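J.: Note that the protein sequences, when read in sequence, are chains A and B.
Take the position in the first sequence, starting the count at 1, then add 656; the result is the number in my numbering.
Take the position in the second sequence, starting the count at 1, then add 890; the result is the number in my numbering.
By construction, these hints were calculated from the structure, which means they are not laboratory data.
Note that the coordinates shown come from a computational prediction; the quantities given were computed from them, not determined experimentally.
Hints are not guaranteed to be accurate.
[Unchecked claim] Computed cross-link-like contacts, BS3-like style, restricted to lysine-lysine with a CA-CA straight-line distance of at most 25 Å:
(1) Lys709(A) - Lys936(B)
(2) Lys1083(B) - Lys709(A)
(3) Lys920(B) - Lys709(A)
(4) Lys665(A) - Lys917(A)
(5) Lys1109(B) - Lys933(A)
(6) Lys981(A) - Lys1109(B)
(7) Lys758(A) - Lys1083(B)
(8) Lys920(B) - Lys713(A)
(9) Lys706(A) - Lys1083(B)
(10) Lys758(A) - Lys709(A)
(11) Lys920(B) - Lys706(A)
(12) Lys1083(B) - Lys756(A)
(13) Lys1083(B) - Lys757(A)
(14) Lys954(B) - Lys1032(A)
(15) Lys699(A) - Lys758(A)
(16) Lys756(A) - Lys920(B)
(17) Lys936(B) - Lys954(B)
(18) Lys699(A) - Lys757(A)
(19) Lys954(B) - Lys1109(B)
(20) Lys757(A) - Lys709(A)
(21) Lys874(A) - Lys917(A)
(22) Lys1083(B) - Lys920(B)
(23) Lys931(A) - Lys1109(B)
(24) Lys1109(B) - Lys1032(A)
(25) Lys1109(B) - Lys936(B)
(26) Lys699(A) - Lys665(A)
(27) Lys757(A) - Lys713(A)
(28) Lys713(A) - Lys1083(B)
(29) Lys699(A) - Lys661(A)
(30) Lys988(A) - Lys1071(A)
(31) Lys758(A) - Lys920(B)
(32) Lys933(A) - Lys859(A)
(33) Lys756(A) - Lys706(A)
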Amino acid sequence: MPEGKFCNKTPITTDEQLKATLGDKGGKQYYEEMNHLDVDSDKLWASIQKTMKSRTKTWLEICAHCGLCAESCFLYQVNGRVPEQVPSYKIQSTLGVMVKKKGKVDNEFMQMCMETAWSKCTCCNRCGMYCPHGIDMGVMFSYLRGLLYSQGFVPWELKIGSGMHRVYRAQMDVTTEDWVETCEWMAEENEEDWPGLEIPVDKEGADIMYTCNAREPKHYPEDIAEAAILFHVAGENWTVPSEGWEQTSLSMFAGDWECCKDNVLNVYAALERLKPKRAIGTECGHAHRATVIEGPYWAGRPDGQPPVPYIHYVEWLAEALREGKLKIDPAKRIKEPVTLQDSCNYVRNQGLKDVTREIISYIVEPGYFVEMAPNKEHNYCCGGGGGFNGIGKYREQRNVALRKKRDQILDTGCKLVIAPCHNCWDAIRDLEEEYEIGIRWSFLKPLVIGMLDVPKHLLPPEE
Amino acid sequence: MYDFLTGPMLWLTFAVSFGGLLVRAVMYVKGLSWQLDRVAYRPHMKYGIRGGVRSILAFIIPFKARLWRTRPGFTLIFFAFHIGLLVTPVFLEAHNVMLQNALGFSLPALPTGVADGLAWVCLVGGLFLLLRRIAFPEVRIITTFYDYLLLVISVLPFVTGLIARYEMGDYNFWLAAHILSGEIWLLALPFTKLSHVLLFFMSRMQLGMDYGIKRGGMKGTDMAW
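Here chain A stands alone, though its shape is the one from the complex:
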């Protein structure tokens, strides 16, 4: 059987296909069909020839096989340091072999590649910092994922994820109506406590256009309310777009590059339509990477920048605290040991290590902040990055991966972890569920709201 009903080389583009694939619980039939999926070697090789440029070619060629990347990989560390988890081995035995064989590989090989690409690498890019030759295996695994996706060898959840983005332009089935209603609902819900609170939709020429992660309207709408409260207290002139509000990209994890481009163009179209002075994305690492760091290249913007300055939530928050738009009541600062999770996607991929620590300096009583070791750009992945969190087939491997973060947190002795990234937040929640180490975790928004020094005129009138 060359192509299956669910497992095939064609992306999901309709709601019916999406629902049908979702109906295949756990991807049982999907993975069964994968066992019979043919590899289109000619197409694979043609694609490699067209897209594999000197950077990747050179990386594959000059890898000195020195093994120095081994220790840099947290998956190598938590998996008993088995040699099969050495980053160089992982990429040479997959992409390296695929190139050497000019795409003439079989189904079994492709399934091995899939397992390696999605369960043995979270594309955290840490190895790139430790390779003397500057070989970034995370980058190469992202590339390999693209090749695998185009051949239909992609985990079930990510096939659906990129399908969601294609159909709904969101990682979950949140429609434009759902989104706008959620905004209205959240504004109403909170206007009693915060008189004058608004979530303005499609306001042209605002100072800020705010975008988020579809998980927020779907599962934690209070996050949108919290963003609104903080913008409100800071006196910002802001808006959200009715269309182009979702900045995550499961298609980036899936390797569906065509879909990545479509998504980011949708967000940029909102910027061009509403003409805000700048855009601010929510507390999410991969959303930031997709829209701000990689997105401009997918969209073909030669300067590598989004159409207007586009910053991560931590940058706005640091600025608001620095400029006094938001004031912290010193009595309410955190007075317990607290640590910070540096997200790979905005620290190692965009250098936002100092602003997060600046925020800490405002909200944590001096002496209570404990750094993880290692930290900043040398920090380890939360354990669930690159889509790992969401793939049922690799849940066991993901749970092992969480051990690194568990141990790092235990070493700090803190019971509270600040995680300004959806994916890290999820991974830390899961690690508590799995290993019960007795910790709490939080985004920045609720923490800051809890310790705000709110000007009297913004508070509800006293009865």
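Fit chain B to the supplied structure of chain A, relying on the hints for placement.
T.: Relative to chain A, chain B alone:
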């Protein structure tokens, strides 16, 4: 034989080796793609060069990059091997006498004792690099026959050079073997993984540019390599 090896053959070797490396450098740069690599090389050249230079320096200065500090033993062996391998042939007195005869100029020559020492350092370093390939599972799994072959090609000129220098056995034979193995090493540079003599700088520069432009450099935070 000696005249051939130090005459036409040597010139041919230099032409192929340095010409080949030059071609590789040009091909590398031509094969970069801002959109596929996702690095805006041209519009942010200044940030890029700054990041690239930082990245190269971090890895050619012993113990500067965090990597080198986390593995002090390896770092010592690695730098000793590479310094011995590169410095000895360039500044060896005998080589410079030949250079003087052929081109009319020469470089400062190393005292004989220092040159001997460096050659031994290179050999011992090479031996350690070979042993760790066998001893450590994380290196063994990625090591192939090709890696051993390249190590042999790299140290052979030192083995033969030292035998000739201590005049063990037939001097003329070992001298010819030394010249030939040196030429094989030079010829291998552009065609094998030894191309890292040049491509190391290109690759490091590229990743440095990536970090300097997109991954923090433009946010004003330098990566601590």
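J.: Each of the hints needs a verdict: does it hold here or not?
T.: Hints versus structure:
1. For a cut-off of 25 Å, the pair hint linking lysine 709(A) to lysine 936(B) stands: about 23 Å separates their Cα positions.
2. Proximity of lysine 1083(B) to lysine 709(A) is assessed by CA-CA distance (about 17 Å); at most 25 Å being required, the pair is judged to hold.
3. Distance check on the hinted pair: lysine 920(B) and lysine 709(A) sit about 9 Å apart at the alpha-carbon level, within 25 Å; holds.
4. Among the hinted pairs, lysine 665(A) with lysine 917(A) is consistent with the structure: their alpha-carbon atoms are about 19 Å apart, no more than 25 Å.
5. A distance of roughly 18 Å separates the Cα atoms of lysine 1109(B) and lysine 933(A); the hinted pair therefore holds under the 25 Å criterion.
6. Proximity of lysine 981(A) to lysine 1109(B) is assessed by CA-CA distance (about 22 Å); at most 25 Å being required, the pair is judged to hold.
7. For a cut-off of 25 Å, the pair hint linking lysine 758(A) to lysine 1083(B) stands: about 20 Å separates their Cα positions.
8. Only pairs whose Cα atoms come within 25 Å are accepted, and lysine 920(B) paired with lysine 713(A) is accepted, the gap being roughly 13 Å.
9. Restraint check for lysine 706(A) and lysine 1083(B): satisfied, since their Cα atoms lie roughly 23 Å apart, inside the 25 Å limit.
10. The suggested pairing of lysine 758(A) with lysine 709(A) holds, with an alpha-carbon distance near 15 Å, which does not exceed 25 Å.
11. Distance hint between lysine 920(B) and lysine 706(A) is fulfilled; the C-alpha atoms sit about 14 Å from each other, no more than 25 Å.
12. Pair hint lysine 1083(B) plus lysine 756(A) holds up; C-alpha atoms about 15 Å apart against a cutoff of 25 Å.
13. For the proposed pair lysine 1083(B) and lysine 757(A), the alpha carbon gap of about 19 Å is at most 25 Å, so the pair holds.
14. Only pairs whose Cα atoms come within 25 Å are accepted, and lysine 954(B) paired with lysine 1032(A) is accepted, the gap being roughly 18 Å.
15. Straight-line distance between C-alpha atoms of lysine 699(A) and lysine 758(A) comes to about 11 Å, which keeps the hinted pair within the 25 Å bound.
16. With a C-alpha separation of about 22 Å, the suggested pairing of lysine 756(A) with lysine 920(B) holds against the 25 Å cut-off.
17. Between lysine 936(B) and lysine 954(B) the alpha-carbon distance is near 23 Å, which keeps this suggested pair within the 25 Å criterion.
18. A C-alpha spacing of about 13 Å is found between lysine 699(A) and lysine 757(A), which places the hinted pair at or below 25 Å, so the restraint holds.
19. For the proposed pair lysine 954(B) and lysine 1109(B), the alpha carbon gap of about 23 Å is at most 25 Å, so the pair holds.
20. Of the supplied pair hints, the one linking lysine 757(A) and lysine 709(A) holds, its CA atoms being roughly 17 Å apart against a limit of 25 Å.
21. Between lysine 874(A) and lysine 917(A) the CA atoms are separated by roughly 23 Å; this keeps the pair inside 25 Å, and the hint holds.
22. For the hint linking lysine 1083(B) to lysine 920(B), the alpha-carbon distance of about 20 Å falls within 25 Å, and the restraint holds.
23. Of the supplied pair hints, the one linking lysine 931(A) and lysine 1109(B) holds, its CA atoms being roughly 23 Å apart against a limit of 25 Å.
24. Distance restraint check for lysine 1109(B) and lysine 1032(A): the Cα-Cα separation of roughly 14 Å lies within the 25 Å cut-off, and the hinted pair is therefore satisfied.
25. Of the supplied pair hints, the one linking lysine 1109(B) and lysine 936(B) holds, its CA atoms being roughly 14 Å apart against a limit of 25 Å.
26. This hinted pair checks out: lysine 699(A) and lysine 665(A) have alpha carbons roughly 11 Å apart, not beyond 25 Å.
27. For the proposed pair lysine 757(A) and lysine 713(A), the alpha carbon gap of about 14 Å is at most 25 Å, so the pair holds.
28. In summary, the hint linking lysine 713(A) to lysine 1083(B) is supported, as the alpha carbons are separated by about 12 Å, within the 25 Å threshold.
29. A hinted pair counts as satisfied when its Cα atoms are at most 25 Å apart, and lysine 699(A) with lysine 661(A) qualifies at roughly 21 Å.
30. Among the hinted pairs, lysine 988(A) with lysine 1071(A) is consistent with the structure: their alpha-carbon atoms are about 18 Å apart, no more than 25 Å.
31. A distance of roughly 22 Å separates the Cα atoms of lysine 758(A) and lysine 920(B); the hinted pair therefore holds under the 25 Å criterion.
32. Simply put, lysine 933(A) and lysine 859(A) have alpha-carbon atoms about 12 Å apart, close enough for the 25 Å limit, and the pair holds.
33. For the suggested pair lysine 756(A) and lysine 706(A), the alpha carbons sit about 15 Å apart, so the restraint of at most 25 Å is met.
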